[in-house]
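2 protein chains.
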Amino acid sequence: MATERPVPDKLRVFSLNCWGIRFSSQHCAQRYEMIGDLIASEQHDIALLQEVWSERDFLFLKRKLSSCHPYAHYFKSGVIGSGLAVFSRHRIQDALLYQYSLNGYPYMLRHGDWFGGKAVGLVVVDVFGLKAHVYVTHLHAEYSRAQDEYLPHRIVQSWELLQFVRHTSCGADVVILGGDLNMHPQDLGNRLIRAHTGLRDCYTETDTFDGCEDGHTLIAVNHFTKKQDLIPFEKGIRIDYILMKGSKKVSMKCESLSTTKGSVAGKPFPYSDHEALTAELTLLQSEESREHGQRNISDSQTAISEQMDVVAEASAVVKDGLCHTETLQARALHLMGGGLLLLLLPLLMILLPCLCSCSHFSFTTTGLLAAAGAVFMLSGLLFYLLFITHIKVLKETEDQMKLTSDDLQSKLSGSRASGFFSSSDGSPESSSSFKREE
Amino acid sequence: MATERPVPDKLRVFSLNCWGIRFSSQHCAQRYEMIGDLIASEQHDIALLQEVWSERDFLFLKRKLSSCHPYAHYFKSGVIGSGLAVFSRHRIQDALLYQYSLNGYPYMLRHGDWFGGKAVGLVVVDVFGLKAHVYVTHLHAEYSRAQDEYLPHRIVQSWELLQFVRHTSCGADVVILGGDLNMHPQDLGNRLIRAHTGLRDCYTETDTFDGCEDGHTLIAVNHFTKKQDLIPFEKGIRIDYILMKGSKKVSMKCESLSTTKGSVAGKPFPYSDHEALTAELTLLQSEESREHGQRNISDSQTAISEQMDVVAEASAVVKDGLCHTETLQARALHLMGGGLLLLLLPLLMILLPCLCSCSHFSFTTTGLLAAAGAVFMLSGLLFYLLFITHIKVLKETEDQMKLTSDDLQSKLSGSRASGFFSSSDGSPESSSSFKREE
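Sequence order for the protein chains is A and B. Read the first sequence against the working numbering and you will find it ends at 1360, with the numbers running on by one and no gaps. Read the second sequence against the working numbering and you will find it ends at 1360, with the numbers running on by one and no gaps.
Misleading hints may appear alongside valid ones.
No copy labels: a pair is met if it fits in one copy or bridges any two.
[Stated by the list, open to error] Cut-off 30 angstroms, straight-line C-alpha distance, at most; resulting in silico cross-link-like pairs (DSBU-like, lysine-lysine):
(1) K1189 x K1333
(2) K932 x K1324
(3) K984 x K1324
(4) K984 x K932
For the record, the hints were derived by calculation from the structure and aren't laboratory data.
Isolated chain A (complex conformation) (with noise of 0.2 angstroms):
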C-alpha cells in the first residue's frame, strides 16, 4: 500500500456563472461588486467565472482582487468575447485557449451565443510546487429541451472539451475543470466527457454537501427574469460543475460541495442567475495513488465498454447534425439559385421589349428585383460558406470518434487476448464515476 502524506493545504474551488451582459443583465454593476466581495471574502484559491462578457468588468474584478488573488487571466476569443476568466491566489505560469469549432449560428441573433466565442480555457497553476491544469469552460445553451437543434453542436463542444483536456492535461498533477456546461448530469455530452477524461463530478463524489433549498441538487433558478423560456431548467436540475481528476503523484478527494442560496444577506437579489459552487479538495501526495492503480480485468472492460456505448451515441448525434446541416446547406444553395434568378429576369425584361412598354415601372421594377436578387445571392453563399464548414467540423469529429472507438476495441480485444490491463497510458482512469449517478 502507498503511503500518503498531505500536501501543505486544502485547495478551494470556485465556480460562478456571471450572467454580465452590460444594459441587459440586470443589476451587473451591483452584482459584480457582490462576487467580488464574495471571492475576497471566502479567499477561495482558485476562483473560475463565466459570462464575464465585458473586459471592463474582468478588469474591475481585477483590481478589486488585486491584493487577494493576484494572479488573473481573461480568455479573448470570438466576437464579444469568451466570458471566461480565472482569479487565482497561487501563480498563474502558462494559459492556452482551444475555441470550439460549432458554436450556433451568427444569424440566431436572439440566442447569441454565437458571438460569445464559447471555448475551454487552461491556466496552468503552480499550487504549492504542484502543476494544476485549471480548465474554464461554458457550453451552448440549450434553449429547448424538447426540441434542441443545438444537441450536434454541444456533442462536438463536448467532443472537443474531452479531447482538449486528455491530451493538454498528461503531465500534471492535479486537473480540475469547472464551469456551466449547459447539460444536466446524466446527458450525453457530459457523460461522454466523463468516461473518457476519468473527471469525477464533485457532487457527485463529497458526503458533505450544503446546496439551496431541499439541500440534495443544485439549482439554476433566474431569479431575475423568471422567463421558462430562457432557462427552461426546473428545480432540482444542475448545469454548472467542479470536476476533478488527480494522477498518479497525487490523489484528490472532494471533501465538500457548497452552493450559494438564491438570496444574499442583506442584499435585494443574488449574486447571478446561476447559483455559485465552492468546492473543498484535499491533495493527497502518495507514491502510486490509488486513481491511477491497475485494476482488475473486469472492471477495465466494463470502462472500455462504456466508454465505446457513450461514443457511439454520440457519434449518432453527430451524424443527425451533419444530416441537418446537409439540408441547410441545400436550402442555402436554393437561395442562391433564387438570386441568380431575380437577377436573370431584368435582363429577360430589357430582352424582351413587350414587358418593357412602361419604361418607368420597368427601370424601378428591374432595379428592386436587381437589388433582391443580389441580396439574395449574397446571403445564400454567406450561409452556405457557413454550413460548408460546419459539415467540415462534424465530418472531423466524426472522424476522431471512429478512431476512438476503434482504439477502445482493440485494447478490449488486447486486454481480454493479455488478461491484463493498465491504465497508465494517458487514457482515462475510469468511467466508473458515471455509475455514481441516479
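For chain A, the structure is supplied; the task is to place chain B on it using the hints.
Structure of chain B alone, referenced to chain A:
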C-alpha cells in the same frame, strides 16, 4: 551514464506540400499518382502531406496506399479544408485538430489562405509500442517578404502551434512535427517554435544530407508557374521542415535527411512545387535520455534568456498587428458611418421638397442611394465583426506571451537564487538548437 537500447527499427518520416488545388494546380491527378507511387515504394513509416485540398484526392491516396499504409487521417476544417493528411504504417490511435485563430482575411480572394482552415493536426501513433505524437501543419503563406502584411498572423500561428505542441506532447515518447511553415530557418516564428518546444530541425541535426542541387539547402521552387510574385523564395531558402524531439524515455537522432530534386526520372514534371523531405530517425531507448538530462546553470540561464528574447520580439510583432487591426476596425466603422449617411440622404431628400421637384429622378436616385447605403452598412458591419475577432485573438496571444515571459523571468530569478535548474517541468529542454543555424 544511462544505458541505451535501440528500439526494433528506425523511423522514416516523409513530408510534402502537394500543391493540390484541383483545376488550378497543374497536372494534379498525375502528380497524385506519382506521390502515391513514391510513398508506396519508399515505405515511409509516416507520410505527412499538406495542401491536399480535395478530399477526393485524399481518398484516392488512401485507396492506393491501403495495403502499405493502412492507417490514415484527413483533417477537416475551414471552408475548403485544412489540406492536412497523414498516412501511417503504424496504428493511429487518436487525432486532434487545432485550427489557428488568425489566418488572413476572407476578402483577400487572390491569396485565399482564409478559406483553407489552416491548422495543426496531431495524430497519436503507436510505433513499436512507443507513443509517437506526430504533428502536421501548414502556416499562412508569405506573399511579400519586403512587405509582409501577414507577419502578425504567422506569428500568432507560430505561437498557437508551439503552445499546442508544448501542452499536448507531454505524454509522448517521441515528438515529430512536419510541414510547410512558410518561414525561413532564422525567421522569428521559426525561432519561437524551436526555442519554446525544444524541437530540433532535422536539417541542422544530421551530418548526412542529400538535397537538391547544391547539396546544402533545400529549395522551394515553383517548377510550374515560375511566378516570382506567387513564390518569391530564392534558391537556398527552406520553408518545409521535419522537426523532432525525444523524451525522458527515448532520445532521437536524425541519421539522414534527403529531398526530392526537382525533376523525377521518367516523368515530365516534379511531384509538386515543393520538394519532398524524408528524414531517417533513430530512436534510442534509455533510462534517462540525454535530451532530458540536467544542464548546468549557465546553459539553462542562457536558454531561458533566449526564450525571453524571442518572446519579446514576437510580442512586439503582435503589438504592431494589433495597431494595424485597430486601424482596419476604425475604417470598417467609417464604412458603416458612410453607409448610414447614404441611407439618411434619401430621407433628407424627401424632407426637403425643393430637392424632390423631379419625382422620377429622385425616386431612382433615392433607391440607388439607399441600396448603396445598405451595401456599405452591411459590408462595414461584416468587416467590423471580422476585425474585432482578430483583435481578440491578438490580445489573447499578447497576454499568453506576457504570462510565459513572467514565468521565464521567475525561473531565471529562481535558478540564479538556488544555483540549480532542471528542465523536467514540461518547459522545453533546450533552446540551443537555433544557435546552430548560421
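- Task: Find the hints from earlier in the document that the structure breaks and name them by number, from lowest to highest.
- Result: Violated: hint 1 alone.
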